[in-house]
Amino acid sequence: MSKRYVMVHDENRCIGCQACSVACRSENGVPEGVTRLQVRVEGPFGDAPHLHFKYNRVSCQQCENAPCVTVCPTGAAYVGDDGLVSIKEDKCVGCMYCVAACPYKVRFINPETKAADKCNFCKDTRLARGELPACVTVCPTDALTFGDANDPSSEVAKLINTKATYQEKTHLGTKPRVYRIPTKRGGIQS
Amino acid sequence: MIELDRRTFIKGAGAGGASCALATLLPGSLAALEQKPLQGMGKEVASICEMCSTRCPISARVVDGKNVFIQGNSAAKSFGGKVCARGGAGHSLLYDPQRIVKPLRRVGERGEGKWEEISWQEAYKTIAHKLNDIKQQHGPEAVAFSSKSGSLSGHLFHLGKAFGSPNTFTHASTCPGGYVIAAKAMFGTKVKRDLSNSKYIINFGHNLYEGINMSETRGLMKAQMSKGAKLVVFEPRFSIVADKADEWFAIRPGTDVTVALALCHVLIYDNLYDQAFIERHVEGFDAFAKEVKAYTPEWAEGISDVPAKDIRRIAHEFAAKAPHAVVDFGHRATFTPEEFEMRRALFAANVLIGNIERKGGLYLGKKAKTYNKFAGDKVAPGLGKPGVEGMPKPAAKRIDQVDEQYAMMWSSGGIYQTILDATLKAQPYQLRAWVMSRTNPMQTMTDRALVVETLKKLEFVVSCDVYISETAAYADIILPESTYLERDEEIADKSGKSPAYYVRQRVVETIGDTKPSWQIFKELGHEMGLGQYFPWENMESLQLLQLDRDMARFNEIKQKGYVSYGKPLMLREPAMVAAFIKQYPNAKPTDEDGTYASAMSFKTPSGKIELSSDKVEKMAAGRGVIKYREVKLKQDNELYFIQGKVAVHTNGATHNVPMLANLMSDNGVWIHPITAGRLGISSGDRIRLTSSVGSEEGTALVTPGIRQDTVFAYMGFGSKNKELARATGKGVHCGNLLPNKTAAVCGMNIHTTGITLAKI
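Chains A and B, in that order, are what the protein sequence lines are. Each residue of the first sequence is one higher than the one before, starting from 1 at the first, in the working numbering. Each residue of the second sequence is one higher than the one before, starting from 1 at the first, in the working numbering.
Each hint should be verified, as a subset may be incorrect.
[Unchecked claim] In silico contact screen, one side only, chain A against chain B (beta carbon under 10 Å); selected entries:
id	residue
1	Pro49
2	Lys91
3	Val93
[Unchecked claim] Pair ranges (Cβ atoms, derived):
id	chain 1	residue 1	chain 2	residue 2	range
4	A	Pro49	B	Glu279	36 to 42 Å
5	A	Val79	B	Gly65	52 to 58 Å
6	A	Pro111	B	Asp548	28 to 34 Å
7	A	Pro111	B	Pro37	20 to 26 Å
8	B	Trp410	A	Thr113	46 to 52 Å
9	B	Ser695	A	Gly29	53 to 59 Å
10	A	Ala128	B	Pro37	54 to 60 Å
11	B	Arg678	A	His50	20 to 26 Å
12	A	Ala128	B	Gly65	14 to 20 Å
13	B	Gly390	A	Gly29	50 to 56 Å
14	B	Trp410	A	Glu112	50 to 56 Å
[As the list claims (entries may be wrong)] With a Cα cut of at most 27 Å, we get these calculated BS3-like pairs of lysine-lysine:
id	chain 1	residue 1	chain 2	residue 2
15	B	Lys192	A	Lys163
16	B	Lys560	B	Lys192
17	A	Lys163	B	Lys560
18	B	Lys43	A	Lys123
19	B	Lys222	B	Lys367
20	A	Lys184	B	Lys321
Hints in this document: simulated from the structure, not taken from any laboratory. Glycine is no exception: its CB is placed at the ideal position from the N, C-alpha and C atoms.
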């Protein structure tokens, strides 16, 4: 694997506006009722006037050690040469093991294809055309950065190396590749 | 807050599906047609968004004939090639089965919801006959014409003027009019904010992170994240902009003016203001300073609940960053009858630190004419206008032209809500018909019952829209307009610090039997016997006329979608002026200090910035000098009811768009835990809000992000007509709770009142 695609979500810049979520839906033809990507604005936390929201990006974390791949009985869930956790639709039998196994609860059965589905960083659509993922392209406040962390000159590599970041549920050993820059006003100080 | 956990999301989507099935019964809707693949006009089409009023430059492409992917046009730098959720969901409006694609005639009682499809010719004939009949019997002034301002609104107003009516209205008095009129009084023209270069930003609830205006939202974020600007927010609610602020003060609703005046007091009496700037460019400082003497931070604290020591400190911090600091003058939020004074006080704080035409401050737009004058060269082309011979001069006065104090508003959109009085009370005379385009006063005006009564009383109502909006539901004839993705429009001026133009172009071929409103009003004009006033053949002939038939320019602008000229220019910013004169050898010579300060002029009677104004004094006695007046926005036993914008919806326009309705279809009412506890209310409870004019049922959202004496709801929800199937009956309808009141001088429709709250 030569590439290590990662996404960095700067929660200081995120305003929870859902532009990413809508763009994802349009680009990838995500049917109504299911979703590959949301930003949940949670809170406010704290005591007034020292309140703060949390801007929680909910999408596939592209785990390097992905439980959904481990449990898949048919090999439909696999890790591609690009390192991305992907799905072979024709191999998927809709058993939902992967949906149950995902600790981030971001997998679903696509009501149109009847196969498991989730964010794949726009692998088949925008990445295939040499463009950035839809959410990154439209983000009004430049809260998202995407790229190959194996390339030390990439923006993502620079961000990961210079900013305090965290990942969700790292204690499970999944090694997620969505990095988050915590808001200054949240519980974690950067 | 936008609640987006997976369970409610799926629930919402399910409900949307069910109402879609019902809506197929609606005559004239897209659902009645067979859905064909979308036909794109090109691979990537540069155009202009219309999901809100910002009108961002976009780039759109058709995907598999089923969908359109919309992103920002990266040629427009300050917009950064970005698009918000509403803009990204444009295709969801385009392809919505509930969209109206056939002209409709009302067959039942007005507002009953019974419609029949008719042909365009029949629609035009009926309207022409009825309007000409009213004109003959009562004069053309008995017909009012109103439209959301911008883009094609000019075509409706052109028809109104050709018809001979002076009564043309935009949505100004229900949205942006307050700051526009205050700016007009002080600067003689609109002013802009240079947020991205600001080092200190004071914000009075201008929620740029939810009411997204792409270039300003990005500017604010850039200032905060890249330039280390400090953001101070005064707002009764913990909004997203409050969350992103360095300091948030939960100010009492409607008291912003006191804090703004106290800031001015400290700037003047702690000698922090820019004396040289005031002497050179400002009129009426002494009268203002005298008035402001009483407005100490301690005084402001007593009214606004903002601590005096903080106001004093913030004024000092603000002045320390002068002139690269700004008090944001806000947008739509007419919370008090003293809106005009509030906006002027916000502008005054800027004037005092001399941030006009400085980086990070306020500036005047540089259109081609002004810019070329400074450059001494034709850097940017102007835009031509079609002249029409012999347009009739209206004989009657406008219906809002009764009270001289509103004189500035007459030419800036008018006072929209005077249509109600003119219809119901014949004040100053009887209105009999109302023709409107893309406007939804049933949502955006106050006292919904009064708007219903007005629409019921009128002899004839015409609405041109993409949906049967809450207002269109009361029309006699509905004219289905093509969505913005199916329309060509005139080239529009988007000048900022330098001239810029952009153009709306069709992205896809028209679906169904709709027309762009420029064509609708031209064809209607012909049917009404006013054809001579519409000498242009089509939109392309208008565009070419604008560009003086310069084909190269025409093709460039169509291909790029957005073209800007020259270097950014702020007249008092030495570095920018230096770069400008380096670029243009024939540029106007600078002052000794290397700026264009002496060339700065204002379209006020004195030619200077008028901190106090004789003109205003003559219009409204006692209002020449900015002054505090006590207002009572609620009774003692009531709570303040305030509203605001959310990032996924626009005013009264987008709540039925499928993708956006799925994201958010209800507006939970924000209540402080202590207030909720006192009333026995928990989050999720059904509650009733009752005001002096109406009563609404909603859902409680208990949160510490609101003052104890205030409740908040996002605006635009709770539609009451069955036609907007996804939006109807969901959430609190703000307009049904707000009484019909008008603010002094600026004519704004006031959007705060008192309510009582009870658990159902």
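How the hints compare with the structure:
At a threshold of 10 Å, the smallest CB-CB gap from proline 49 of chain A to chain B is about 6 Å, leaving the interface hint in force. Among the interface hints, the one on lysine 91 of chain A is violated; its C-beta lies about 23 Å from the nearest C-beta in chain B, farther than the 10 Å criterion. Interface hint status for valine 93 of chain A: violated, as the beta-carbon distance to the closest one in chain B is roughly 23 Å, over 10 Å. At roughly 39 Å, the beta-carbon separation of proline 49 of chain A and glutamate 279 of chain B lies within the given 36 to 42 Å, and the hint holds.
For valine 79 of chain A paired with glycine 65 of chain B, a C-beta distance near 33 Å fails the hint of 52 to 58 Å. Under the hint 28 to 34 Å, the C-beta atoms of proline 111 of chain A and aspartate 548 of chain B, about 55 Å apart, miss the expected range. Distance hint check for proline 111 of chain A and proline 37 of chain B: the Cβ-Cβ separation is about 22 Å, which falls inside the suggested range of 20 to 26 Å. Between tryptophan 410 of chain B and threonine 113 of chain A the beta carbons are some 59 Å apart, a value that contradicts the proposed interval 46 to 52 Å.
Checked against the hint of 53 to 59 Å, the pair serine 695 of chain B and glycine 29 of chain A fails, with Cβ atoms roughly 43 Å apart. A C-beta distance of roughly 22 Å is found between alanine 128 of chain A and proline 37 of chain B, which places it outside the suggested range of 54 to 60 Å. Our hint of 20 to 26 Å for arginine 678 of chain B and histidine 50 of chain A holds, since their Cβ atoms are close to 24 Å apart. Against the hinted window of 14 to 20 Å, the Cβ-Cβ separation of alanine 128 of chain A and glycine 65 of chain B comes to about 19 Å, which satisfies the hint.
Hint check: glycine 390 of chain B to glycine 29 of chain A, Cβ distance near 54 Å, so the stated range 50 to 56 Å holds. Separated by about 55 Å at the C-beta atoms, tryptophan 410 of chain B and glutamate 112 of chain A satisfy the suggested range of 50 to 56 Å. With a C-alpha separation of about 34 Å, the suggested pair lysine 192 of chain B and lysine 163 of chain A falls outside the 27 Å cut-off, and the hint is violated. Using a Cα cut-off of 27 Å, the hinted pair lysine 560 of chain B and lysine 192 of chain B holds, with the two alpha carbons roughly 25 Å apart.
Between lysine 163 of chain A and lysine 560 of chain B, the direct Cα distance comes to roughly 37 Å. Violation of the 27 Å bound is thereby established for this hinted pair. Restraint check for lysine 43 of chain B and lysine 123 of chain A: satisfied, since their Cα atoms lie roughly 21 Å apart, inside the 27 Å limit. Restraint check: the Cα-Cα separation between lysine 222 of chain B and lysine 367 of chain B comes to about 25 Å, which is no more than 27 Å; the hinted pair holds. Only pairs whose Cα atoms come within 27 Å are accepted, and lysine 184 of chain A paired with lysine 321 of chain B is accepted, the gap being roughly 23 Å.
Comparing the model with each numbered hint stated earlier shows that hints 2, 3, 5, 6, 8, 9, 10, 15, 17 do not hold.
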